[in-house]
Amino acid sequence: MLKKMISVSLASILAVGLAACSSEENSQASTNGSPDYPERGLTIVAPSGAGGGWDLTARSIAKTMNNSGLIEEPIMVENKPGGGGAVYMAEYATKEVDNDYMLMVKSPPILINNSKAEGNSPYGYKDTTPLAQLTRDYGAIVVRADSEFQTLTDVLDAVKADPTAVTFAGGSAPGSMDHLVGILPAFEYGIDPKSVKYVSYDGGGEAVAALLGDNADVIATDASTIGEYMKSGDVRVLAVSAPERLEGELSEIPTFKEEGIDTEFTIWRGIFGPKNMTDSAYKYWSEKLEEMSASEEWQQELEQNGWQSEYKNGEDFEKYLQNQEELIVELLTALDMQK
Amino acid sequence: MSTLQFLMDGFSIAFQWQNILFAFVGVLIGTAVGVLPGIGPMSGVALLIPVTATITSGMPTEAAAASSIILLAGVYYGAMYGGSTTSILLNTPGESSSVVTTLDGYQMARQGRAGAALSIAAIGSFAAGIVSLIGLVLLAEPLSNIALQFGPAEYFSLMLLGLAAVSGLAGKSMTKALMMTVFGLMLGTIGIDAVSGIARFTYDLPILYSGLEFLTIAVGLFALGEVFKTILEREHEDGTIAKIGRILPTKQDLKDSAKPIMRGSLLGFFIGVLPGAGATLASFFSYIAEKKFSKTPEKFGTGAIAGVAGPESANNAASGGAMIPLLTLGIPGSGTTAILMGALIMYNIQPGPLLFDDHPEVAWGLIASMFVGNLMLLILNMPLVKVFAKIIETPKKYLLPIIIAISFFGVYAVQYTTFDLFLLLACGILGYLLVKNDFPVAPLVLALVLGPMIENNLRRALTISNGDFMIFFTKPLSLILLIAAAAWLLIPLLLKFKGRTIVLNEED
Chain D
1 MLKKMISVSL
11 ASILAVGLAA
21 CSSEENSQAS
31 TNGSPDYPER
41 GLTIVAPSGA
51 GGGWDLTARS
61 IAKTMNNSGL
71 IEEPIMVENK
81 PGGGGAVYMA
91 EYATKEVDND
101 YMLMVKSPPI
111 LINNSKAEGN
121 SPYGYKDTTP
131 LAQLTRDYGA
141 IVVRADSEFQ
151 TLTDVLDAVK
161 ADPTAVTFAG
171 GSAPGSMDHL
181 VGILPAFEYG
191 IDPKSVKYVS
201 YDGGGEAVAA
211 LLGDNADVIA
221 TDASTIGEYM
231 KSGDVRVLAV
241 SAPERLEGEL
251 SEIPTFKEEG
261 IDTEFTIWRG
271 IFGPKNMTDS
281 AYKYWSEKLE
291 EMSASEEWQQ
301 ELEQNGWQSE
311 YKNGEDFEKY
321 LQNQEELIVE
331 LLTALDMQK
Chain X
1001 MSTLQFLMDG
1011 FSIAFQWQNI
1021 LFAFVGVLIG
1031 TAVGVLPGIG
1041 PMSGVALLIP
1051 VTATITSGMP
1061 TEAAAASSII
1071 LLAGVYYGAM
1081 YGGSTTSILL
1091 NTPGESSSVV
1101 TTLDGYQMAR
1111 QGRAGAALSI
1121 AAIGSFAAGI
1131 VSLIGLVLLA
1141 EPLSNIALQF
1151 GPAEYFSLML
1161 LGLAAVSGLA
1171 GKSMTKALMM
1181 TVFGLMLGTI
1191 GIDAVSGIAR
1201 FTYDLPILYS
1211 GLEFLTIAVG
1221 LFALGEVFKT
1231 ILEREHEDGT
1241 IAKIGRILPT
1251 KQDLKDSAKP
1261 IMRGSLLGFF
1271 IGVLPGAGAT
1281 LASFFSYIAE
1291 KKFSKTPEKF
1301 GTGAIAGVAG
1311 PESANNAASG
1321 GAMIPLLTLG
1331 IPGSGTTAIL
1341 MGALIMYNIQ
1351 PGPLLFDDHP
1361 EVAWGLIASM
1371 FVGNLMLLIL
1381 NMPLVKVFAK
1391 IIETPKKYLL
1401 PIIIAISFFG
1411 VYAVQYTTFD
1421 LFLLLACGIL
1431 GYLLVKNDFP
1441 VAPLVLALVL
1451 GPMIENNLRR
1461 ALTISNGDFM
1471 IFFTKPLSLI
1481 LLIAAAAWLL
1491 IPLLLKFKGR
1501 TIVLNEED
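Chains as they are written, first to last, in this note's numbering: chain D, 1 to 339; chain X, 1001 to 1508.
Some clues are possibly wrong.
Straight line, CA to CA, 20 Å or less: simulated DMTMM-like cross-link-like pairs of lysine to aspartate or glutamate [to be verified]:
| hint | chain 1 | residue 1 | chain 2 | residue 2 |
| --- | --- | --- | --- | --- |
| 1 | D | K160 | D | D316 |
| 2 | D | K80 | X | D1357 |
| 3 | D | K231 | X | E1213 |
| 4 | D | K197 | X | D1193 |
| 5 | D | K95 | X | E1213 |
| 6 | D | K231 | X | D1357 |
| 7 | D | K197 | X | D1468 |
| 8 | D | K194 | D | D162 |
| 9 | D | K197 | X | E1298 |
| 10 | X | K1259 | X | E1298 |
| 11 | D | K312 | D | E326 |
| 12 | D | K339 | X | E1141 |
| 13 | D | K80 | X | E1298 |
| 14 | D | K257 | D | E247 |
| 15 | D | K194 | X | E1298 |
| 16 | D | K231 | X | E1141 |
| 17 | D | K197 | D | D336 |
| 18 | D | K288 | D | E259 |
Since the hints were made in silico from the structure, they are not lab data.
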């Protein structure tokens, strides 16, 4: 037992030692580290399985902050899937409410879950401290490469003819974002949104697997995560929910509007702190995030992921969220899914 | 270039001195991670990502990515080797994939055969590692397609087969085993429902929103239950401690283990390929299968070496199999592979259909290094067996507090809540009472794993089919699995009906 303990502690000392070396190296590069916060490793939670938009955003933030030396403490990314993000939201708004070291990446679901009737999360953005909006992304309607559907209107006509014949899938629960992106065109097309058949998976990665494996006909997912599968020729992207055409890989893909569906949906992503975040931590992150959003590393990161930059600081972000919440309540009311 | 050529290139990368070092550090830390109940492979890998990022920062991106992933993957499969140690010695599963190893492993240790159990676990893990790697090299492409074919209907039928096979975990009474299964399924429904997002049985307690943690319940039922039993029944007065016999397995042990290791390796590999199924399920399936295949199923639960060899091979093979959807599809099948994927993405290497074309040196370097790493693990683990096996000789008055401490520390390190500590304690008491009254706890634990998967996939499948249950029969893979499940249940009954005498687990 003793020997075991020793070997185990040796291993952990090794790990800690390596980590210590790394932070020392980095602190030389960084000149404005805060003396009090952070005193240890930080965690950014992606409240979904790996491979989806939240996950990639959280990892990009962690990577940019650590690689550029902006934050020398190691930033870990944790995946906390379930309930379309509602599971972790409850935990975040209760258990982590004072934990300055726990941050969370979120997007419109923080508003949607709080406003919808079914699967309501009693906690919304008001139970957090919005720190910054960092990116915007758009929804994409995707089918298999060998699908009979060539355009978005093909899909919608098929759904209109027989809603039970077309299976939609997405990485989050009904009434949440993937679902909204998926049924929004249908709703605008005059289809009863409740009749659209939708299957929820744990995260965008599983939804793509369902599409590739012929267990779904159409998926709604983030435009930024689908590029790789399009390049490899496995899927066809029918339309994106952007107001105008995207740049990069998806530049050939028409928007909803081009397809005659007069609607758009923006998936913003932002980072949140706990509700009772201390002033020093809030100030620390506000500065670091502003600095990061202007950095070259972050621009590269955005480009690689096909995201569009949209930075708002904590104050502006909070105002924006207020507006967004009103919009979403309106949308859910139209869909008869409001709280 | 042919596969062989690619593999050779991979070996030339794996044999670079720094990569050998990286693999060694990875498997060493992995072994420690596996032995410690608190740190699972997932948190172990996640903790090391920033460390590897720093060490490799001076290297070109592709080489850095290859080196990092070699180290991190080493932690992952190293943990599968180490996970068995506390299961066998202390009845305390280090990882959820080693829960089933406690059933026979701990009994072997009590009989003084800890050395044999530990060595066979290491040998089985090694064989499984090699088998799954060969599978990875040869079958990655076709298997990734089969993995995609596994939709909700197929998953449901597979889980149903698992549930049908739960009889294999029964002790003296089938009825009691079924009661425990249902109890486990019920516990699995606690939390926010992933299909509709509605909270169930949470009584507005946020702590219950994410459900009950599997590892907490397993450690409570197995480890603490055993501690309470020992204390209350005082069955181990000083002097009755089993002395360690030989460290190495006997020829008979090896003979008894050869087939379970092969079967466990294949089974684990194929289950590992399926995203979401994972090593825990693989180890349970292997145990159940071994009991079914065994000529002496009554020996299972009393220290059958096949009950250690099979599951320990299966969980290691599953970690190799899980690399297939990760590397070829970019779809992580488990929490740990999700983190490995994140590490690759950090280096701007996107796992997915293009990985083997765009970054062959990373993909093949990793595969080749896994051969090297597995060999290192075998060499590393065999001498450790001697050290670890001594633990069993520790007098109970010291050993019991250590087990309690490890259990509490481990659970808290995973969950960070005092709620889980109370849950652990409650499960310990429950475990003692259940075992005392001949209620087997393994079916409960298996049902807790299977329950949410069965339910979610059932509902997904029925949504796809518009509520038509025929979806489970019209899909060929699903149908085969259902037939297997039916056969598993019915054949013994039919044979019994015909008056044949066979060994069954029914009440005598």
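Mind checking the alpha carbons of K197 of chain D and D1193 of chain X for me, to see if they're no more than 20 Å apart?
Holds. K197 of chain D to D1193 of chain X sits at ~18 Å (cutoff 20 Å).
Compare the distance between the alpha carbons of K312 of chain D and E326 of chain D with 20 Å, and conclude whether the hinted pair is satisfied.
19 Å, holds
Given hint D336 of chain D paired with K197 of chain D - CA-CA distance at most 20 Å:
16 Å, holds
Hinted pair, alpha-carbon criterion (20 Å max): K95 of chain D, E1213 of chain X. Please report holds or violated.
At roughly 16 Å apart (the allowed maximum being 20 Å), E1213 of chain X and K95 of chain D satisfy the hint.
Has the given pair, K197 of chain D with E1298 of chain X, been kept, meaning a C-alpha gap of at most 20 Å?
49 Å, violated
Given the hint that K197 of chain D pairs with D1468 of chain X, test it: the Cα-Cα distance must not exceed 20 Å.
14 Å, holds
Hinted pair K160 of chain D and D316 of chain D, Cα distance within 20 Å
Violated: K160 of chain D and D316 of chain D sit about 41 Å apart, past 20 Å.
Sort out whether E247 of chain D lies within 20 Å of K257 of chain D, counting only the CA atoms.
16 Å, holds
For the pair supplied as a hint, K288 of chain D and E259 of chain D, is the alpha-carbon distance within the 20 Å limit?
Between K288 of chain D and E259 of chain D the Cα gap is close to 41 Å, so the pair fails against 20 Å, i.e. violated.
Check the hint pairing K194 of chain D with E1298 of chain X against an upper bound of 20 Å on the C-alpha distance.
54 Å, violated
For a C-alpha distance cap of 20 Å, please report whether K80 of chain D and E1298 of chain X respect it.
41 Å, violated
Below or equal to 20 Å on CA atoms is what counts here, so check K1259 of chain X against E1298 of chain X.
18 Å, holds
Hints 1, 2, 3, 9, 12, 13, 15, 18, counting from the list given before, are not met by this structure.
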